[in-house]
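From first to last, the protein sequence lines are chains A and B.
Note that the numbering used here has the first sequence beginning at 15, numbered continuously upward.
Note that the numbering used here has the second sequence beginning at 99, numbered continuously upward.
What the hints contain is simulated information worked out from the structure, not anything from laboratory work.
C-beta: ideal position from N, C-alpha, C; glycine also.
A couple of the hints might just be wrong.
Stated by the list, open to error - If you anchor each label on the Cβ, the simulated ranges turn out as follows:
#, chain 1, residue 1, chain 2, residue 2, range
1, B, V104, A, L70, 28 to 36 Å
2, A, L112, B, V203, 33 to 41 Å
3, A, P16, B, G230, 29 to 37 Å
4, A, L112, B, P178, 50 to 58 Å
5, A, V110, B, R217, 45 to 53 Å
6, A, D68, B, R124, 24 to 32 Å
7, A, V110, B, M99, 48 to 56 Å
8, B, T226, A, V83, 45 to 53 Å
9, B, A250, A, S72, 21 to 29 Å
10, A, R102, B, M204, 20 to 28 Å
11, A, L112, B, L174, 33 to 41 Å
12, B, W207, A, V80, 40 to 48 Å
Said to hold, decoys possible - Far from chain B by the CB rule (all over 12 Å, computed), these chain A residues:
#, residue
13, L112
14, L113
15, R114
16, W115
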Amino acid sequence: MPLLYPLVFAAFLFSAGVYGVLARRNAVMVLMSVELMLNAVNVNLVAFSAYLKDQLLSGQVFALFVVAVAAAEVGIGLAIVLLIFRNRETVNIDEVDLLRW
Amino acid sequence: MTGQEVAFLALAVVGGFAGLLVVTSRNVVHAALWLVVALSSIAGVYLLLAAPFVAFVQVIIYVGAIVVLILFGIMLTRAPVGRRVLDNTLRARVGALVVGAGVFVMLTWFMAEAWGGKRIANQAATTTDALGLAIFRNYVLPFEAVSVLLLAALIGAIVLARRD
Numbered sequence: 015m016p017l018l019y020p021l022v023f024a025a026f027l028f029s030a031g032v033y034g035v036l037a038r039r040n041a042v043m044v045l046m047s048v049e050l051m052l053n054a055v056n057v058n059l060v061a062f063s064a065y066l067k068d069q070l071l072s073g074q075v076f077a078l079f080v081v082a083v084a085a086a087e088v089g090i091g092l093a094i095v096l097l098i099f100r101n102r103e104t105v106n107i108d109e110v111d112l113l114r115w
Numbered sequence: 099m100t101g102q103e104v105a106f107l108a109l110a111v112v113g114g115f116a117g118l119l120v121v122t123s124r125n126v127v128h129a130a131l132w133l134v135v136a137l138s139s140i141a142g143v144y145l146l147l148a149a150p151f152v153a154f155v156q157v158i159i160y161v162g163a164i165v166v167l168i169l170f171g172i173m174l175t176r177a178p179v180g181r182r183v184l185d186n187t188l189r190a191r192v193g194a195l196v197v198g199a200g201v202f203v204m205l206t207w208f209m210a211e212a213w214g215g216k217r218i219a220n221q222a223a224t225t226t227d228a229l230g231l232a233i234f235r236n237y238v239l240p241f242e243a244v245s246v247l248l249l250a251a252l253i254g255a256i257v258l259a260r261r262d
């Protein structure tokens, strides 16, 4: 298939993730949009690994590492969201602004 | 238009539509379920790109563990429903749409310039033992580092979320 097909698919998912991070107020929704962006990057990596017929399979290995790091990040992110909810009864990121100027 | 391209277009349309609905849905639980559809279509794309092991890992870990974790997070934070609670102001949303569309146009334009006519050749699916050899011969150091990272994340999440 043309190389552009998976690349444009990945770019679309990445842009949807960017929109989600900027437009959503719920902290869990922001985490979901970040997951979309990470998956778009993975599609890109695997597509290039297939295109270059890489002997080292670097694209697929990196995609596996990105999955592992994303899992760790979601775990910690949700733990933080839980802690914020326990203390403030809200997960609206606009209301968690103690560190703002 | 080969069968592979038709299958890819079908998966890409479903996955793209699901991805859009994840970021625009009014109900958090619906958004998590649309995320399942998007991640599964991405797993299908991995199968078409000759990476079956990555596809299986995607289904097991992303759909099976991360989405379940997100659903637990939604449940434990009393998921609110409705446009006013979930989304930013209209001005912010329009700005986000401009930024998102700009990123998409820019990325597509650059990629079309760089890799416009190139094709991915038909190839045999990557066997799991070839991938295992690649990880444990060439990438063993990042592998160990990711293990330590996962341990640290696990301990950190427990410490953060426990009641004391």
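Going through the hints against the structure:
The supplied range of 28 to 36 Å is met by V104/B and L70/A, whose beta-carbon atoms lie about 31 Å from each other. Taken as a hint, the range 33 to 41 Å holds for the pair L112/A and V203/B, whose Cβ atoms sit roughly 37 Å apart. Range check, P16/A to G230/B: Cβ separation about 30 Å, and the 29 to 37 Å hint holds. Checking the proposed 50 to 58 Å range against L112/A and P178/B shows it is violated: the Cβ atoms sit about 21 Å from each other.
The hinted range of 45 to 53 Å is satisfied by V110/A and R217/B, whose Cβ atoms lie roughly 48 Å apart. Take D68/A and R124/B: their Cβ atoms lie about 43 Å apart, and the range 24 to 32 Å is violated. A hinted range of 48 to 56 Å holds for the C-beta pair V110/A and M99/B, which are about 50 Å apart. T226/B and V83/A have their C-beta atoms about 21 Å apart, which leaves the hinted 45 to 53 Å range violated.
For the pair A250/B and S72/A, the beta carbons lie near 25 Å from each other, so the given range of 21 to 29 Å is met. A hinted range of 20 to 28 Å for the beta carbons of R102/A and M204/B is inconsistent with their spacing of about 38 Å. The hinted range of 33 to 41 Å is not satisfied by L112/A and L174/B, whose Cβ atoms lie roughly 22 Å apart. Distance hint for W207/B and V80/A: a CB-CB separation of about 25 Å, inconsistent with the stated range 40 to 48 Å.
The beta carbon of L112/A sits about 17 Å from the closest Cβ of chain B, which is more than 12 Å, so the claim that it is off the interface holds. Against chain B, the non-interface label of L113/A holds: every CB pair exceeds 12 Å, the least being about 17 Å. With a cut of 12 Å on Cβ distances, R114/A stays outside the contact zone with chain B, its closest approach being about 16 Å. The beta carbon of W115/A sits about 19 Å from the closest Cβ of chain B, which is more than 12 Å, so the claim that it is off the interface holds.
Against the hints set out earlier in the document, violations occur for numbers 4, 6, 8, 10, 11 and 12.
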